[in-house]
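Colleague: Each chain, letter by letter, is given below.
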Amino acid sequence: MIDKIVRDTADAVSGIFDGATIMISGFGEAGSPVELIHALIDHGARELTVVSNNTGSGHVGLAALIENRQVRKMICSFPRTTNSKVFPELYHKGDIELELVPQGSLAERIRAGGAGIPAFYTPASVNTPLAEGKETRVFNGQTFVLEHAIRADFSLVKCHKADRHGNLVYNKTARNFGPIMCTAAETAIVQAREVVPLGAIDPEVVVTPGIFVGRVVEVRNPADESKLVAEDRRYPW
Amino acid sequence: MIDKIVRDTADAVSGIFDGATIMISGFGEAGSPVELIHALIDHGARELTVVSNNTGSGHVGLAALIENRQVRKMICSFPRTTNSKVFPELYHKGDIELELVPQGSLAERIRAGGAGIPAFYTPASVNTPLAEGKETRVFNGQTFVLEHAIRADFSLVKCHKADRHGNLVYNKTARNFGPIMCTAAETAIVQAREVVPLGAIDPEVVVTPGIFVGRVVEVRNPADESKLVAEDRRYPW
Amino acid sequence: MVNGDNKTGWDVQQMAQKVAMDIPDGAYVNLGIGIPEMVSGLVPEGREVIYHTENGLLGMGPVPPTGAEDPELINAGKKCVTAIPGASYFHHADSFTMIRGRHIDICVLGALQVSETGDLANWSTGEPSAIPAVGGAMDLVAGVKTIYVISKYLTKTGAPKIVKQCTYPLTGKGVVDRIYTDLAVLDVTVRGLQVRELAPGISFEYLQQNTEAKLIR
Amino acid sequence: MVNGDNKTGWDVQQMAQKVAMDIPDGAYVNLGIGIPEMVSGLVPEGREVIYHTENGLLGMGPVPPTGAEDPELINAGKKCVTAIPGASYFHHADSFTMIRGRHIDICVLGALQVSETGDLANWSTGEPSAIPAVGGAMDLVAGVKTIYVISKYLTKTGAPKIVKQCTYPLTGKGVVDRIYTDLAVLDVTVRGLQVRELAPGISFEYLQQNTEAKLIR
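Protein chains in written order, with the numbering used here: chain S, 2 to 238; chain H, 2 to 238; chain A, 3 to 219; chain R, 3 to 219.
The hints are simulated quantities; they were obtained by calculation from the structure and are not laboratory data. Nothing here was measured: the structure is a model prediction, and the numbers come from that model. Virtual Cβ for every residue (Gly too), placed ideally from N, Cα, C. Some hints here could point you the wrong way.
Claimed, not checked - Output of the computed footprint for chain R on chain S, the stretches with three or more beta carbons under 8 Å from beta carbons of chain R:
hint, segment
1, 3-9
2, 26-34
3, 90-102
4, 111-125
5, 214-223
My request is simple: use the sequences and hints to build the entire structure.
Modeller: The structure is reproduced here in structure tokens:
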């Protein structure tokens, strides 16, 4: 029987190893799997490469993971946010590496990683510093840059509802990077607001088919990251 | 005001010009926009390049379009079906051109066309006759073949429900090539079993966002192609 | 030309059963058109196997009862099927993301020829009069983790289908992992084709006499 | 250094209004973070304009009333928004399919510098101390059909933002179509920057004195 539901977030992140590449869903706080990230802090894996659009806010979630010195390198499109303090400080000290990628190229590289496409051409970043050192090629008179797929050992993803097969639906703009990150990881680890019985999600509206998901943990009342930041909470609490 | 609904299938296919490239949705009869194809036969545009997974059955729908000598070239993965008679005959006479593409490469080339990706690498067809003459490249020790995007002037697509913005949902495995073909055409022309009021389709379950759709026509009781074939019907009737 | 009589071998049902026995609980499986489709009905009790069909369905169920068919719910062979609880529908690009992205565990395909190094030819005899049609076979062999072939050991005319080198156009090179035939089950290994199991009454020597491919006991 | 006083020019609201007037009925529009966001509230009566936000929403509506915010319904600037009837949600790869695939009609962006040939610099001042952050800007300028820039004519210190050649790192080369400033509206043409409209009290000569870019009457 297929049952991808695990008991708690500690079980969910078990087996994440030092040096792993981890994709983390979310655009700002929307879709950020705060509880899974906190479990990864408790778990303690280090020297991680993290692929995520931002670098977290305040001292919780992704920012706390970085602050706990578990991240060697960030691959992202926008490492600043209104309340980002941790990443800028480490970056200026030279204590964390940054690979800056245009947001659409980041999304497409992740999608390619999940789809078995090793590389593709895109018009974004041509003639800019972000294309320096990258191969370019002309198609129909226009110049494109070659971008390579990104894959991860694990993805940490937040969704709205899940079933035991790992079928997922998301909530509004919290969907963002979740679906493509599930496809691009050896093991996609998902926190769901609600685990529902098999068959409760209409096959027509499944956003992430279960084949892309390794483990699901129910987190009924996930943290509202911006509230934690406003209260200046820090993880570990 | 945005209102993409047109009055009838004749209006829907108006402006299709001789020599146009046309994508036609469907996998066998599932998702095949039979009424739009018949309107295109009445319309009469010739010298078409048609991108579709198959070549139609019997003497209706896509097969009738080919039989009416409107198609110069087919780009498809599987030009045979149980009841395909028209294409084989013309092909053997040398009266129609065929570009054979592995089904996944066909889907990805269409998706790339819609996504502004001019070309990508894929492992499919490496070391086979279908990769002959195509550029190959090694990534991480594995050989891949370069495939180019396909775009179309028009797509003819069948869906289940649509609204005036062009938001679409599909029915079961009739979804197949519809969503990607909507993205890859200058003008996507859609026949919907039902046109519903704006807001009637939940934003979470929209499969094709309206931005990809040019025209929508309601066809309430679309033909069951296999029945027409079984009755040996021919279009024009 | 050798004796193609295989009364002493397994029938198609038994071949499909052997495949079904080798599909573990929880596997994601794509079944090719024809004989491979039989496998889905033969999964041992207690195993949950999820079938993918490349035309956009994960969680394909059995053929519906007569009268309950929906022409918009079909499999890759364009036959009417059903969807199990937990199924999902998706478009073709997403479907081949599953295939090309190595998300499918096992694919079971038919064959015209299989070589001793696991090359597969199953889409064209290369005859100029034939209309070439490839479908999803090339994507499947390039992307699915494990490729099983199910096929008679000999053609209807008694010619070998297990060959040293394929003479028909390839579907993929070095892609086949295991071959289920009516006479034996063979594993593709770096040293040659390892005979995993012989059908009742079939000798290793008989198998070897009917192929130029290198067989290993 | 020139006089940066722009009391005689348009204010930010008026600049945004000019942009809004130039967006036709039925357009699909992406608005950058900051001043461009103002445009959505200024669409003339009777026009239906659909806003795309790259974090996965087509059909973005106005800011919700206090207390009705949903932290999972935000725009690219990470502010809470709403969804109009006819909206749709999608993932990031699909969102950038809309952008890169030339499906969005107009994108309105801020600028650090715009050159006379339409080069745009709006993501980094290139200072070593700054943390580079690009977001979706490079994809937007590469993929959207028409790029409007909305920006003051001069920096806070009175330095030109309309330049012969950008000194800051580029977002895209030759991508800008029109520039809405507090002093004038300029079109990027092959012959130079065509002054489309002057703000009250602003002369062509004053504009030209404050840029080395070639302006055309």
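Colleague: For the segment 3-9 of chain S, do three or more residues have a beta carbon lying closer than 8 Å to a beta carbon of chain R?
Modeller: violated (count 0)
Colleague: Count the residues of the segment 26-34 of chain S whose Cβ falls closer than 8 Å to any Cβ of chain R, and tell me whether that reaches three.
Modeller: Answer holds; 5 residues pass the 8 Å Cβ test.
Colleague: Okay, the segment 90-102 of chain S and chain R, do three or more residues pass the C-beta test at under 8 Å?
Modeller: holds (count 5)
Colleague: For the segment 214-223 of chain S, count the residues whose Cβ lies under 8 Å from any Cβ of chain R; is that count three or more?
Modeller: violated (count 0)
Colleague: Are there three or more residues in the segment 111-125 of chain S whose C-beta lies within less than 8 Å of some C-beta in chain R?
Modeller: It holds: at least three residues are needed, and the segment 111-125 of chain S offers 5 whose Cβ sits within less than 8 Å of chain R.
Going down the numbered hints, you'll see the structure goes against 1 and 5, while the others check out.
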